[in-house]
Amino acid sequence: MEAGSSRHGSPEAGESQQLRGTNQSGMRDHNERLVLSLVRQSGALAKSDIARMTGLSAQTVSVIMRELEVEGLLLRQEPIRGKIGQPSIPMALNPEGAFFIGLKVGRRSAELVLIDFLGKTRAMLQNSYGYPTPRDTIEFVRSGIAQMRAGLTRGQDKRIAGLGVAMPFELWNWVDTAGAPPEIMDAWRNRDIRSDLQALFSFPVYLQNDATSACGAELVFGDIGSLRDFVYFYIGAFAGGGVVLNGRLYSGPTGNAGALGSMPVPGPGGRPTQLIDVASIAVLEKSLNAKGIEASYLWTSPEEWHDLDNQPDLDNWISTASDALAYAIVASASVIDFESAVIDGWMPPSIRARLVQAVQSAIGKIDVEGLRIPSVREGTVGIHARAMGGASLPLSERFLIGSTAPSRGV
Numbered sequence: 001m002e003a004g005s006s007r008h009g010s011p012e013a014g015e016s017q018q019l020r021g022t023n024q025s026g027m028r029d030h031n032e033r034l035v036l037s038l039v040r041q042s043g044a045l046a047k048s049d050i051a052r053m054t055g056l057s058a059q060t061v062s063v064i065m066r067e068l069e070v071e072g073l074l075l076r077q078e079p080i081r082g083k084i085g086q087p088s089i090p091m092a093l094n095p096e097g098a099f100f101i102g103l104k105v106g107r108r109s110a111e112l113v114l115i116d117f118l119g120k121t122r123a124m125l126q127n128s129y130g131y132p133t134p135r136d137t138i139e140f141v142r143s144g145i146a147q148m149r150a151g152l153t154r155g156q157d158k159r160i161a162g163l164g165v166a167m168p169f170e171l172w173n174w175v176d177t178a179g180a181p182p183e184i185m186d187a188w189r190n191r192d193i194r195s196d197l198q199a200l201f202s203f204p205v206y207l208q209n210d211a212t213s214a215c216g217a218e219l220v221f222g223d224i225g226s227l228r229d230f231v232y233f234y235i236g237a238f239a240g241g242g243v244v245l246n247g248r249l250y251s252g253p254t255g256n257a258g259a260l261g262s263m264p265v266p267g268p269g270g271r272p273t274q275l276i277d278v279a280s281i282a283v284l285e286k287s288l289n290a291k292g293i294e295a296s297y298l299w300t301s302p303e304e305w306h307d308l309d310n311q312p313d314l315d316n317w318i319s320t321a322s323d324a325l326a327y328a329i330v331a332s333a334s335v336i337d338f339e340s341a342v343i344d345g346w347m348p349p350s351i352r353a354r355l356v357q358a359v360q361s362a363i364g365k366i367d368v369e370g371l372r373i374p375s376v377r378e379g380t381v382g383i384h385a386r387a388m389g390g391a392s393l394p395l396s397e398r399f400l401i402g403s404t405a406p407s408r409g410v
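Residue numbers (the UniProt record's numbering): 1 to 410.
Because the hints were derived from the structure by calculation, they are not lab data. For glycine and all other residues, C-beta sits at the position ideal for the given N, C-alpha and C. Watch out, some of these pointers could steer you wrong.
Okay, the calculated beta carbon distance ranges per label pair [unchecked claim]:
id : residue 1 : residue 2 : range
1  : ARG76     : SER195    : 38 to 48 Å
2  : THR133    : ALA353    : 30 to 40 Å
3  : GLU67     : SER334    : 21 to 31 Å
4  : ASP307    : GLU71     : 45 to 55 Å
5  : VAL368    : ARG154    : 54 to 64 Å
6  : TYR131    : ILE80     : 47 to 57 Å
7  : ASP223    : VAL368    : 24 to 34 Å
8  : ARG372    : GLY270    : 18 to 28 Å
9  : ILE184    : VAL335    : 33 to 43 Å
10 : PRO95     : SER226    : 21 to 31 Å
11 : ARG271    : PRO349    : 26 to 36 Å
12 : LEU200    : ASP307    : 35 to 45 Å
13 : SER334    : PRO312    : 28 to 38 Å
14 : GLU71     : GLY270    : 57 to 67 Å
Could you build all of it, start to finish, from the sequences and the hints given here?
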């Protein structure tokens, strides 16, 4: 399933209870976002569908959709005939309506992705390194975006709506895990990467925690069906996550809600540790390196981890990581009644499937009396979830109900 395709199927009247419009003239922007959100979720919709789903008057819907069509955000589809009266004309998102750029800054690599209004990838660049530095990151973004824009027409270039940056907060605190010289990582402490990048571009730049951004990608582009409340784990070099409540990404007042990597879980010998210390892929890499096994392919070939299936280190990591994730899910369920726990990561789909299955088994060994345990399922965006999540920040901030982006500041 492509990122921008329908994930909810045909709309029913009951589905729109949380998405209501207003006929007050001062709410035009809200209503336009509402229409775009519904069309994104449900696929092509006719004016009558949207009026029924939102409670807006037919006249208000007609004005909104006409303006969105003029702005190039919606496209007319083939009329649906066979009913009494005029034929129904569904409207769908225009892939060329807007473009968005996402940047992922990770421990061993950075990614840039350019997507269209449907969420389809138009270009992608990757840069591998031993550890990230501010100067190299800014240069990668500058040159990479210049390369991407060179492949766009003038009209497409004018429709770039923003750049979203997905990276760990307080990156300088990960000196040991990143394996970088302290003075190099400390350079991040006094840099405002969002402001540095904003100085290079006329379109707005947004910033969000990388794992939370990946959660946003699952929400906006993923095949989540009718899920409205879920806890999300992204297993990359560092384990992290996010929270979705009532169909919206919840980042909290400081943008750090859903910092699941810091959640206390049982560690070796039953002593408490943090999820990041046992479920991160960096832990697997360290185990392999300790045995003299070159493990750089963990970062350069996430689609296929070579012959790692035959390595007992992988089995041990899956066992330890799944136990920790199971405790984290149960602990989360004791606070919020989540429908589901979604697990994705920088790993081949086959490894992700094994990890999810192991988590399901591990939950069965925990005393969950008094709790409603969410179903555990695989994420659907995959290895590029953080970069796609970065691109979802300007998309959500500019065009959707329930922004996934914090304020971009001055």
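Problem set entry | Distance restraint evaluation - ASP223, VAL368, Cβ atoms, bounds 24 to 34 Å | holds, 27 Å
Exercise. How does the Cβ-Cβ distance of PRO95 and SER226 compare with 21 to 31 Å: does it lie in that range?
Worked result: At roughly 25 Å between Cβ atoms, SER226 and PRO95 fall inside 21 to 31 Å, so the hint holds.
For this session: Look at the Cβ atoms of ILE184 and VAL335 and judge whether their distance stays inside 33 to 43 Å.
Result: holds, 37 Å
For this session: Starting from the range 35 to 45 Å, see whether the pair LEU200 and ASP307 falls in it by beta-carbon distance.
Result: holds, 42 Å
Problem set entry | Distance restraint hint 30 to 40 Å, applied to the beta-carbon atoms of THR133 and ALA353 | holds, 35 Å
Exercise. Is it true that the C-beta distance of ASP307 to GLU71 lies inside 45 to 55 Å, as the hint says?
Worked result: holds, 52 Å
Problem set entry | Distance restraint hint 26 to 36 Å, applied to the beta-carbon atoms of ARG271 and PRO349 | Holds, at about 33 Å.
For this session: Look at the Cβ atoms of VAL368 and ARG154 and judge whether their distance stays inside 54 to 64 Å.
Result: holds, 58 Å
Exercise. Using the C-beta atoms of GLU71 and GLY270, is the stated range 57 to 67 Å upheld?
Worked result: Holds, at about 59 Å.
Exercise. Measuring from beta carbon to beta carbon, are SER334 and PRO312 in 28 to 38 Å?
Worked result: holds, 34 Å
For this session: Evaluate the given range 47 to 57 Å for the C-beta pair formed by TYR131 and ILE80.
Result: Given about 56 Å between the Cβ atoms, the range holds.
For this session: State, for the Cβ atoms of ARG372 and GLY270, whether the hinted interval 18 to 28 Å holds or is violated.
Result: holds, 26 Å
Hint 3 from the list above is the single one not met by this structure.
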